[in-house]
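Between the sequences and the hints, there should be enough to build the whole structure, so can you do that?
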Amino acid sequence: QSALTQPASVSGSPGQSITISCTGTSSDVGGYNYVSWYQQHPGRAPKLMIYDVSKRPSGVSNRFSGSKSGNTASLTISGLQAEDEAAYYCSSHTSYSIVLFGGGTKLTVL
Amino acid sequence: EVHLVESGGGLVKPGGSLRLSCAASGFTFSCCSMNWVRQAPGKGLEWVSSISSRSSYIYYADSVKGRFTISRDNAKNSLYLQMNSLRAEDTAVYYCARGFTEGFDFWGQGTLVTVSS
Numbered sequence: 001q002s003a004l005t006q007p008a009s010v011s012g013s014p015g016q017s018i019t020i021s022c023t024g025t026s027s028d029v030g031g032y033n034y035v036s037w038y039q040q041h042p043g044r045a046p047k048l049m050i051y052d053v054s055k056r057p058s059g060v061s062n063r064f065s066g067s068k069s070g071n072t073a074s075l076t077i078s079g080l081q082a083e084d085e086a087a088y089y090c091s092s093h094t095s096y097s098i099v100l101f102g103g104g105t106k107l108t109v110l
Numbered sequence: 001e002v003h004l005v006e007s008g009g010g011l012v013k014p015g016g017s018l019r020l021s022c023a024a025s026g027f028t029f030s031c032c033s034m035n036w037v038r039q040a041p042g043k044g045l046e047w048v049s050s051i052s053s054r055s056s057y058i059y060y061a062d063s064v065k066g067r068f069t070i071s072r073d074n075a076k077n078s079l080y081l082q083m084n085s086l087r088a089e090d091t092a093v094y095y096c097a098r099g100f101t102e103g104f105d106f107w108g109q110g111t112l113v114t115v116s117s
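Taken in order, these protein sequences are the chains called A and B.
Residue numbers for the first sequence follow the working numbering, so the first one is 1 and each next one is one higher.
Residue numbers for the second sequence follow the working numbering, so the first one is 1 and each next one is one higher.
These are calculated hints, taken from the structure and not from any lab test.
For every residue, glycine included, the Cβ atom is placed at its ideal position computed from N, Cα and C.
Hints may contain errors.
Unchecked claim - Calculated pairs, BS3-like style, for lysine-lysine (alpha carbon to alpha carbon, straight line, at most 30 Å):
#1 A/K47 with B/K76
#2 A/K55 with B/K43
#3 B/K43 with B/K65
#4 B/K43 with A/K68
#5 B/K65 with A/K47
#6 B/K43 with A/K106
#7 B/K13 with B/K65
#8 A/K47 with B/K43
What the hints assert, rightly or not - One-sided and incomplete, this derived list gives chain A residues near chain B with beta-carbon spacing under 10 Å:
#9 Y34
#10 Y51
#11 L100
Below you can see the structure in the form of structure tokens.
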């Protein structure tokens, strides 16, 4: 199976909002509410930011939100801060009982 | 506090084998599905394998099926990945992570596997 499709990069200024998309198919993103988003700073392990499309783990800022429409999921970060600069990955459970990741999106805070 | 600590990485020749371990603490290990996820240098995340809490369900990515074997020992709070017939493209940092459909909520710091002659 192919990886989920994410934009390679996005950017925004402090205080602004940005949205990262994650496109799959009806066999993964569109078929299940099992989309997750991860933040990864250079040299660090990934951190779960969103699970089950729109749920936030304890301790994750409410500036991070998730949604889904059809085969595309989205991560929105509002009130951008310098520390949000990182790589972001989406993932989805699939009909084949495997997990797919997106290719990753590099967020630059200008 | 949840801790996952991977070990066993290193340099191995193509065609060789390696066994990774992940020691878990801070939670009831037997409750949870566990996973291996890898990241090649400068690349994105790639899911490798998952195992359910009692080892009843095991899944592999096509890229490792038939070569890698995931297992766990709940009495030892440990997760394993036996990697055989290693290839250059298996070079990556290997992370163990807790969870499954609900997302991977805790990750170890990773162990580097380098496959090179």
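What's the verdict on A/K55 and B/K43, does the C-alpha distance respect the 30 Å limit or exceed it?
holds, 27 Å
Pair hint outcome, B/K43 versus A/K68 [Cα-Cα no greater than 30 Å]:
Holds, at about 25 Å.
Can the restraint linking B/K43 and A/K106 be considered satisfied, given a maximum Cα separation of 30 Å?
Judged against 30 Å, a Cα distance of about 12 Å means the pair holds.
Per the CB criterion, is A/Y34 less than 10 Å away from chain B?
Holds. Min distance 4 Å.
Let me know if the C-beta of A/L100 comes in closer than 10 Å to any C-beta of chain B, holds or violated.
Because about 7 Å separates A/L100 from the closest Cβ in chain B, which is inside the 10 Å limit, the hint holds.
Does the alpha-carbon distance linking B/K65 and A/K47 stay inside the 30 Å limit?
holds, 27 Å
Given the hinted pair B/K13 and B/K65, is their Cα-Cα distance within 30 Å?
At roughly 19 Å apart (the allowed maximum being 30 Å), B/K65 and B/K13 satisfy the hint.
Are the Cα positions of A/K47 and B/K43 separated by 30 Å at most?
holds, 17 Å
Can you confirm whether the C-alpha distance between A/K47 and B/K76 stays at or below 30 Å?
Roughly 25 Å between the alpha carbons, so the hint for A/K47 and B/K76 holds.
Between the alpha carbons of B/K43 and B/K65, is the straight-line distance 30 Å or under?
Holds. B/K43 to B/K65 sits at ~21 Å (cutoff 30 Å).
Would the stated hint for A/Y51 survive a check requiring a Cβ distance to chain B of less than 10 Å?
OK, holds: A/Y51 within 10 Å of chain B, min 3 Å.
Checked against the numbered hints listed earlier, the structure breaks none of them; every hint is satisfied.
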